[in-house]
Amino acid sequence: MPASTQSSYPVVAIIGGGPAGLMAAEVLAENGVCVEVYDAMPSVGRKFLMAGKGGMNITHAEPFEDFLARYGSRHDRIEPLLRGFPPEVLRAWIHGLGIETFVGTSGRVFPTDMKAAPLLRAWLHRLRENGVHFHVRHRWLGFGENGALRFATPEGERTMIASATVLALGGGSWPQLGSDGAWVSLLAQCGIDIAPLRPANCGFDVRWSDHFREHFAGEPLKSIAATLGTVRKQGECVITEHGIEGGVVYAFSAALRDEIERNGSATLYLDLLPDWTAQRVQKEVSHPRGSRSLSTHLQSRLGLKGAKANLLREVLNTEQMHDSTVLAHAIKSLPLRLLAARPLSEAISSAGGITFEALNDDLMLQDLPGMFCAGEMLDWEAPTGGYLLTACLASGRTAGAGALNWLQHTRDLHDS
1 MPASTQSSYP VVAIIGGGPA GLMAAEVLAE NGVCVEVYDA MPSVGRKFLM
51 AGKGGMNITH AEPFEDFLAR YGSRHDRIEP LLRGFPPEVL RAWIHGLGIE
101 TFVGTSGRVF PTDMKAAPLL RAWLHRLREN GVHFHVRHRW LGFGENGALR
151 FATPEGERTM IASATVLALG GGSWPQLGSD GAWVSLLAQC GIDIAPLRPA
201 NCGFDVRWSD HFREHFAGEP LKSIAATLGT VRKQGECVIT EHGIEGGVVY
251 AFSAALRDEI ERNGSATLYL DLLPDWTAQR VQKEVSHPRG SRSLSTHLQS
301 RLGLKGAKAN LLREVLNTEQ MHDSTVLAHA IKSLPLRLLA ARPLSEAISS
351 AGGITFEALN DDLMLQDLPG MFCAGEMLDW EAPTGGYLLT ACLASGRTAG
401 AGALNWLQHT RDLHDS
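This note's numbering applies: residue 1 is where the sequence shown begins, and numbers increase by one.
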């Protein structure tokens, strides 16, 4: 028989020790609730720490309406969560942990030391001081008798019965850090409406030639701009063995993924010299090159070399490369055909998850009273830039407050 624990006083189980789960735990613990946090990994916050390796981007300082627009078709569902914990309140919360922040030139907000580990350590210390208990290497297996929560542990299966539960199990990206999407089948068995998990903030496949792949995979494309439809973004990206990835690509990933699903491919237009006018590019390309090779001409007149110059050759044929008008146009608007999104396991985040129609305003599952959901396992997506973390934290606060409401509701029913 599996070991089981049951308490005579209210205990809330948080399943998932990422930002959303920890925030729900904080809300509950600050209100005197006994909180037990369960995580499948040997330690909590692993994806949070990994995301901070390149500089911990916490949130964004742009106007709230612009911030809200980053959540695309789900902005109306995310708005109530963000209004309860907007970016400026998030920054104040971090300052309360003893971590100072600053706004970068792009509007992104970072800790002054750019690291995630000090923030997580301070947060976990405060949670433990508030009485939160952590149980690592506890993988949720679903439900047992009487709604008991089942966990696989190194010592065998264990169960516990909670007064309320907050699920914060993440999406399906970076499964090696714990977000493997295994919860989908467990909740689907209960009839919960779940939109399929799909890659978000991801790279895309391009049919490179063997020569280009062998010589330029891993090379950055710096100081470029990308255009899809009427939207243009400036930044950089990286050539990969399979195609292309990086910040300027991630900015369009949702639209590119959806277009590929509809049409079988999508075309992203790259401006290799975004600070040059089309007229200047045309003038320099058309300048007589004498006995110099085209490669030397492009490098000396336009500074195009390496991956950028060879990307032109990858897309244009020989005749087009020697047509100054066609070449100049391609330098400013190079059509790059994308064939597929990279697998979900490689994506920074995921789209899809539990639909908002399956939840009430407190993020409680309509068909499983007393069970709340938060974080990336909900059906929303956002670009990188602090938007993912902010919404995860905001949803965790909403779910935690919802669990408090539920405890009060059940207490009132018992008293009556």
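Source of the hints: derived by calculation from the structure; they are not laboratory data. Please note that the accuracy of each hint is not assured.
Claimed, not checked - Below, a list of computed lysine-lysine pairs in the DSS-like style, where the Cα atoms sit at most 25 Å apart:
id, residue 1, residue 2
1, LYS305, LYS222
2, LYS233, LYS332
3, LYS222, LYS283
4, LYS233, LYS222
5, LYS283, LYS332
6, LYS283, LYS305
7, LYS115, LYS53
8, LYS222, LYS53
9, LYS233, LYS305
10, LYS332, LYS305
11, LYS283, LYS115
Claimed, not checked - Label-pair restraints from in silico Cβ distances:
id, residue 1, residue 2, range
12, SER333, ARG137, 49 to 55 Å
13, PHE102, PHE64, 30 to 36 Å
14, GLN366, GLN408, 25 to 31 Å
15, GLN408, GLY191, 25 to 31 Å
C-beta atoms are modelled at their ideal positions from N, C-alpha and C, and glycine is treated no differently.
Against the structure, the hints:
With a C-alpha separation of about 12 Å, the suggested pair LYS305 and LYS222 falls inside the 25 Å cut-off, and the hint holds. Taking the CA atoms of LYS233 and LYS332, the gap is about 13 Å. The hint holds against a cut of 25 Å. A distance of roughly 23 Å separates the Cα atoms of LYS222 and LYS283; the hinted pair therefore holds under the 25 Å criterion. For the suggested pair LYS233 and LYS222, the alpha carbons sit about 13 Å apart, so the restraint of at most 25 Å is met.
For the suggested pair LYS283 and LYS332, the alpha carbons sit about 13 Å apart, so the restraint of at most 25 Å is met. Restraint check for LYS283 and LYS305: satisfied, since their Cα atoms lie roughly 18 Å apart, inside the 25 Å limit. About 7 Å separates the Cα atoms of LYS115 and LYS53, which keeps this hinted pair within 25 Å; it holds. Straight-line distance between C-alpha atoms of LYS222 and LYS53 comes to about 21 Å, which keeps the hinted pair within the 25 Å bound.
For the proposed pair LYS233 and LYS305, the alpha carbon gap of about 22 Å is at most 25 Å, so the pair holds. About 15 Å separates the Cα atoms of LYS332 and LYS305, which keeps this hinted pair within 25 Å; it holds. Among the hinted pairs, LYS283 with LYS115 is inconsistent with the structure: their alpha-carbon atoms are about 46 Å apart, more than 25 Å. The hinted range of 49 to 55 Å is satisfied by SER333 and ARG137, whose Cβ atoms lie roughly 52 Å apart.
Here the CB-CB span from PHE102 to PHE64 is close to 20 Å, at odds with the stated 30 to 36 Å. At about 19 Å, the CB distance of GLN366 to GLN408 disagrees with the hint of 25 to 31 Å. For the pair GLN408 and GLY191, the supplied restraint of 25 to 31 Å holds, since their beta-carbon distance comes to about 27 Å.
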